[in-house]
Amino acid sequence: MRSPNWLAERPEVATVNHPALPSCKGHEFYRRDFSGCNGLFSFVLKERLDEAQLAAYLDNFSHFSMAYSWGGFESLILANQPEELEAIRPAGGVDFSGTLVRLHIGLENVEDLIADLAAGFDRLNGVR
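Note that my numbering has the sequence shown beginning at 8, numbered continuously upward.
Since the hints were made in silico from the structure, they are not lab data. Treat the hints with care, since some could be wrong.
What the hints assert, rightly or not - Have a look at the derived ranges for each label pair, beta carbon to beta carbon:
1) D40 - S69: 24 to 30 Å
2) R39 - E90: 30 to 36 Å
3) A126 - F80: 18 to 24 Å
4) D66 - G33: 31 to 37 Å
5) K32 - E90: 30 to 36 Å
6) F36 - E58: 34 to 40 Å
7) A59 - F36: 35 to 41 Å
8) N67 - F36: 21 to 27 Å
9) V134 - D102: 37 to 43 Å
10) A94 - M8: 15 to 21 Å
11) D119 - C44: 33 to 39 Å
What the hints assert, rightly or not - Here are the computed lysine to aspartate or glutamate pairs in the EDC-like style, where the Cα-Cα straight-line distance is at most 16 Å:
12) K53 - E16
13) K53 - D102
14) K32 - D102
15) K53 - E19
Heads up, the beta-carbon is just placed ideally off N, CA and C, and yes, glycines get one too.
Assemble the whole structure, with the sequences as input and the hints as a guide.
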């Protein structure tokens, strides 16, 4: 839970979508039905990133690979724009305008992963 909690404190982040966080939609069902959680979650940035900003953020991670998966041992990261998600959710359900970043936290040291995410935000803030 250190990664989601750390992300929730970042000024660039609008919301963290992790059911174990009280601020997450559906948290009451998580509390009712589950006793633990995994490392697959997403967060929404306060703004929509353009291509240059996305490249600055996603490129050059040391511990995260760009891929979709439920994940195994490795940490993964990918981003989606709201309109990409609207295309697969035609009935609605996209209630944000910033870029969504999907993470799977693997077995690497959590401090190394947080440092990697911080470096990504530093790269992003350098191109704004």
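Each hint tested on the structure:
Evaluation of the 24 to 30 Å hint for D40 and S69 yields a failure: the beta carbon distance comes to about 36 Å. Judged by the Cβ atoms, the range 30 to 36 Å given for R39 and E90 holds: they are separated by roughly 34 Å. In this structure the hint that A126 and F80 lie 18 to 24 Å apart at CB holds, the actual value being about 21 Å. For D66 and G33, the Cβ-Cβ distance of about 33 Å falls inside the hinted range of 31 to 37 Å, so the restraint holds.
A C-beta distance of roughly 21 Å is found between K32 and E90, which places it outside the suggested range of 30 to 36 Å. Checked against the given bound of 34 to 40 Å, the beta carbons of F36 and E58, roughly 37 Å apart, stay inside it. A beta carbon spacing of about 39 Å between A59 and F36 agrees with the range 35 to 41 Å that was offered as a hint. The hinted range of 21 to 27 Å is not satisfied by N67 and F36, whose Cβ atoms lie roughly 37 Å apart.
At about 27 Å, the CB distance of V134 to D102 disagrees with the hint of 37 to 43 Å. For A94 and M8, the Cβ-Cβ distance of about 32 Å falls outside the hinted range of 15 to 21 Å, so the restraint is violated. For D119 paired with C44, a C-beta distance near 20 Å fails the hint of 33 to 39 Å. Of the supplied pair hints, the one linking K53 and E16 holds, its CA atoms being roughly 13 Å apart against a limit of 16 Å.
Between the alpha carbons of K53 and D102 the distance comes to roughly 12 Å, so the proposed pair stays at or under 16 Å and holds. For the suggested pair K32 and D102, the alpha carbons sit about 12 Å apart, so the restraint of at most 16 Å is met. The hinted pair formed by K53 and E19 meets the criterion: a straight-line CA distance of about 6 Å does not exceed 16 Å.
Figure legend: structure checked against the earlier numbered hints; hints not met, in rising order: 1, 5, 8, 9, 10 and 11.
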